[in-house]
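Here is what each chain is made of, one letter per residue.
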Amino acid sequence: MKKFLTIVKAFWQRALTYRFTVLAYRIGEIGETLALILMWSAIYGGQKVIGGLTLQEMITYILVGNFFNAIIRNFLSSVVSHDIKDGRLSMFLIRPMSYFNYILSREIGRISLSTLMSVLSSMLIIIFFINTFIWNFDVAYFLIIVAMVILAFVVELFLSYLIGLISFWTDEVDGIYATIDRIKKFFSGGYFPINLLPLMFVQVSFALPFAYSFFVPAQLYLKKLDLSVGLKGLLIQIVWILILYGIIKIVWGRGLKRYEGVGT
Amino acid sequence: MRASELKIMADIEVKNLSRTYEYYRKQQGLSGSLKSFFYREKLFAEAVKSISFSIESGELIGFLGPNGAGKTTTLKMLSGILHPTGGQVKVLGHIPSEREKKYQKQFALVMGQKNQLIQDLPAIETFIVNKEIYEISDKEFKENFNELADLFGIKDILDIQVRKLSLGQRMKCELVAALLHKPKVLFLDEPTIGLDVVAQKNIRDFIKKYNREKKTTIILTSHYMEDIKELCERVIIINLGKIIYDGKLDDLIKKYATHKLLKVVFNGNGVCREEVEKFGEIDEFNPYICTIKTKRNEAKNTAIALLSSNLPVDDIIIDEIDVDDVIRQIFNS
Numbered sequence: 001m002k003k004f005l006t007i008v009k010a011f012w013q014r015a016l017t018y019r020f021t022v023l024a025y026r027i028g029e030i031g032e033t034l035a036l037i038l039m040w041s042a043i044y045g046g047q048k049v050i051g052g053l054t055l056q057e058m059i060t061y062i063l064v065g066n067f068f069n070a071i072i073r074n075f076l077s078s079v080v081s082h083d084i085k086d087g088r089l090s091m092f093l094i095r096p097m098s099y100f101n102y103i104l105s106r107e108i109g110r111i112s113l114s115t116l117m118s119v120l121s122s123m124l125i126i127i128f129f130i131n132t133f134i135w136n137f138d139v140a141y142f143l144i145i146v147a148m149v150i151l152a153f154v155v156e157l158f159l160s161y162l163i164g165l166i167s168f169w170t171d172e173v174d175g176i177y178a179t180i181d182r183i184k185k186f187f188s189g190g191y192f193p194i195n196l197l198p199l200m201f202v203q204v205s206f207a208l209p210f211a212y213s214f215f216v217p218a219q220l221y222l223k224k225l226d227l228s229v230g231l232k233g234l235l236i237q238i239v240w241i242l243i244l245y246g247i248i249k250i251v252w253g254r255g256l257k258r259y260e261g262v263g264t
Numbered sequence: 001m002r003a004s005e006l007k008i009m010a011d012i013e014v015k016n017l018s019r020t021y022e023y024y025r026k027q028q029g030l031s032g033s034l035k036s037f038f039y040r041e042k043l044f045a046e047a048v049k050s051i052s053f054s055i056e057s058g059e060l061i062g063f064l065g066p067n068g069a070g071k072t073t074t075l076k077m078l079s080g081i082l083h084p085t086g087g088q089v090k091v092l093g094h095i096p097s098e099r100e101k102k103y104q105k106q107f108a109l110v111m112g113q114k115n116q117l118i119q120d121l122p123a124i125e126t127f128i129v130n131k132e133i134y135e136i137s138d139k140e141f142k143e144n145f146n147e148l149a150d151l152f153g154i155k156d157i158l159d160i161q162v163r164k165l166s167l168g169q170r171m172k173c174e175l176v177a178a179l180l181h182k183p184k185v186l187f188l189d190e191p192t193i194g195l196d197v198v199a200q201k202n203i204r205d206f207i208k209k210y211n212r213e214k215k216t217t218i219i220l221t222s223h224y225m226e227d228i229k230e231l232c233e234r235v236i237i238i239n240l241g242k243i244i245y246d247g248k249l250d251d252l253i254k255k256y257a258t259h260k261l262l263k264v265v266f267n268g269n270g271v272c273r274e275e276v277e278k279f280g281e282i283d284e285f286n287p288y289i290c291t292i293k294t295k296r297n298e299a300k301n302t303a304i305a306l307l308s309s310n311l312p313v314d315d316i317i318i319d320e321i322d323v324d325d326v327i328r329q330i331f332n333s
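In order, the protein sequences belong to chains A and B. Per this note's numbering, residue 1 is the first one in the first sequence, and the count goes up by one each step. Per this note's numbering, residue 1 is the first one in the second sequence, and the count goes up by one each step.
Rather than coming from a laboratory, the hints here were simulated on the basis of the structure. Quick reminder that beta carbons are idealized off the backbone N, C-alpha and C, glycines included. Check before you lean on any hint, since a few could be wrong.
Claimed, not checked - Calculated cross-link-like contacts (lysine-lysine; reagent style DSS-like; alpha-carbon spacing at most 30 Å): (1) K9/A with K229/B; (2) K3/A with K101/B; (3) K255/B with K2/A; (4) K242/B with K114/B; (5) K2/A with K105/B; (6) K2/A with K242/B; (7) K85/A with K42/B; (8) K295/B with K49/B; (9) K101/B with K9/A; (10) K2/A with K114/B; (11) K263/B with K295/B; (12) K142/B with K2/A; (13) K85/A with K114/B; (14) K257/A with K295/B; (15) K215/B with K9/A; (16) K139/B with K3/A; (17) K9/A with K139/B; (18) K164/B with K3/A; (19) K3/A with K102/B; (20) K105/B with K257/A; (21) K249/A with K101/B; (22) K257/A with K114/B; (23) K208/B with K9/A; (24) K249/A with K139/B; (25) K155/B with K9/A; (26) K2/A with K139/B; (27) K85/A with K90/B; (28) K142/B with K85/A; (29) K2/A with K49/B; (30) K114/B with K215/B; (31) K114/B with K249/A.
Said to hold, decoys possible - So, partial list: chain A residues that the calculated Cβ filter (under 8 Å) puts toward chain B: (32) M91; (33) I94; (34) R182.
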């Protein structure tokens with residue numbers, strides 16, 4: 001545990017030295033959220049309800065969803081990818097701590113500052129829309145949402161790590177990452193609530209882990225979904241975490257063999 | 001008890017160690033790329049071919065060889081980054097490729113071209129991270145750190161971002177980071193690469209002192225003969241994956257350096273080439289300073305002949321041939 005905290009602390013400090021970058025990213029984020037709100041306001045026009053949501057609910061959906069998203073995402077794949085490509089991985093293989101544990105602690109430290117800033121900027125927009133924003137102080141919902149966001153964070157971390165590991169076989173993962181990122185956003189409901197799509201899509205996306213990082217917690221917040229759906233969601237997330245962990249183990253083992261084979 | 005059982009086990013034991021890499025050939029151009037997309041002929045390169053050696057505790061060994069000779073591959077197998085494709089390695093009684101924590105806490109690898117310091121933070125932060133990773137107690141860390149920081153003279157650069165440090169300062173910090181857990185065995189892969197002459201000498205002095213004081217077993221690879229000459233009594237020379245020499249550096253020089261160099265300084269108007277040529281093969285020439293190559297046993301006589309000639313000799317220095325030349329000679333033969 002102390003190992004973990006020390007690494008987190010070191011990389012938290014590193015993030016602090018890049019204050020400009022941390023701030024610069026926020027401008028784009030705020031812009032994106034505002035654009036979505038603007039777009040939906042235009043689409044609603046005279047309509048009262050779209051996809052079971054009023055405009056006020058839709059704006060809340062966007063605000064709260066982006067707030068969760070800010071907590072969940074990470075930038076691990078490019079770090080892992082570079083470590084493998086540049087052969088820096090070798091320096092980790094000789095240390096008495098596994099690369100997986102090291103890099104995960106490191107990423108948590110690395111993103112902690114930008115996450116905090118994202119959360120702050122998301123809250124800023126929420127305050128800006130304070131008159132439209134719907135509040136929900138239900139404790140049961142709150143607990144499930146918190147658990148879901150934490151699990152979604154882990155899923156996202158594992159997935160990014162896995163994408164980074166692809167570098168064992170190909171020289172760059174940016175393309176794959178960008179594609180998966182878009183698919184993820186689509187299935188998570190980050191572009192629009194997925195219940196606007198045919199039922200089949202919704203079912204598929206509920207079986208995938210992505211909906212639990214945006215759509216489901218946001219809908220739970222709006223009390224559009226039952227608590228039981230939330231509980232089932234947590235279960236699905238845990239299953240996904242186990243599956244991803246298993247895949248990581250296999251891919252890591254094979255990748256390492258290849259890494260040695262080419263002798264970077 | 002038999003004598004062999006009394007013998008203290010060597011720190012590093014390498015037996016018939018081999019390593020083969022897989023690679024592909026791609027024909028030139030787009031059609032070649034397409035072809036290799038569907039079919040690739042697997043080729044094998046033997047980077048290390050059945051080498052054996054053993055290193056006793058406290059030795060400082062120079063590992064020499066041209067680029068691609070297999071030096072780094074061997075060090076990687078000794079540190080457990082690579083699995084051997086043949087033969088055995090044992091370091092401190094452990095098989096490195098099993099990557100046991102117990103072993104990893106007892107050795108360190110420093111590569112001149114790869115860094116472990118966190119670039120955007122002062123070096124002290126990496127030291128603290130390493131303290132936790134290597135599970136070093138507070139007390140031990142304090143002692144080791146103070147001692148190393150003094151030895152390397154890095155106390156005044158501890159709060160500066162690593163990326164802002166000079167290459168020499170960075171290498172000192174790399175070494176400190178690698179030595180905090182008091183490794184019994186240390187692998188140094190080109191630790192002086194890219195450094196200026198002064199910084200090279202600094203690093204060299206530290207390595208020498210550290211080895212003498214801590215009795216750490218060290219394997220050092222370097223392209224700079226100065227490093228080897230100053231630090232290593234014993235050298236292992238490897239070329240094309242095979243060991244071609246394993247023994248004392250002095251013996252190597254005696255064996256291969258069949259000639260000596262006479263550096264003669266002339267005064268007055270100097271001399272012309274023809275006048276000197278009859279004394280031996282000319283290595284370097286200008287009218288005032290001239291280097292003559294002679295057989296080892298003739299060096300003295302040649303010097304006497306030069307002094308008693310009517311040439312305006314001011315000074316004569318008899319020197320050994322440079323180790324570089326010796327090594328070059330070995331690789332060429």
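We went through each hint and held it up to the structure:
no. : hint               : in the structure
1   : K9/A with K229/B   : 43 Å, violated
2   : K3/A with K101/B   : 15 Å, holds
3   : K255/B with K2/A   : 56 Å, violated
4   : K242/B with K114/B : 25 Å, holds
5   : K2/A with K105/B   : 18 Å, holds
6   : K2/A with K242/B   : 45 Å, violated
7   : K85/A with K42/B   : 22 Å, holds
8   : K295/B with K49/B  : 36 Å, violated
9   : K101/B with K9/A   : 24 Å, holds
10  : K2/A with K114/B   : 27 Å, holds
11  : K263/B with K295/B : 14 Å, holds
12  : K142/B with K2/A   : 17 Å, holds
13  : K85/A with K114/B  : 13 Å, holds
14  : K257/A with K295/B : 53 Å, violated
15  : K215/B with K9/A   : 35 Å, violated
16  : K139/B with K3/A   : 17 Å, holds
17  : K9/A with K139/B   : 21 Å, holds
18  : K164/B with K3/A   : 27 Å, holds
19  : K3/A with K102/B   : 17 Å, holds
20  : K105/B with K257/A : 23 Å, holds
21  : K249/A with K101/B : 19 Å, holds
22  : K257/A with K114/B : 21 Å, holds
23  : K208/B with K9/A   : 35 Å, violated
24  : K249/A with K139/B : 37 Å, violated
25  : K155/B with K9/A   : 22 Å, holds
26  : K2/A with K139/B   : 16 Å, holds
27  : K85/A with K90/B   : 29 Å, holds
28  : K142/B with K85/A  : 35 Å, violated
29  : K2/A with K49/B    : 44 Å, violated
30  : K114/B with K215/B : 25 Å, holds
31  : K114/B with K249/A : 26 Å, holds
32  : M91                : 5 Å, holds
33  : I94                : 5 Å, holds
34  : R182               : 26 Å, violated
Checked against the numbered hints given earlier, this structure breaks hints 1, 3, 6, 8, 14, 15, 23, 24, 28, 29 and 34; the rest are met.
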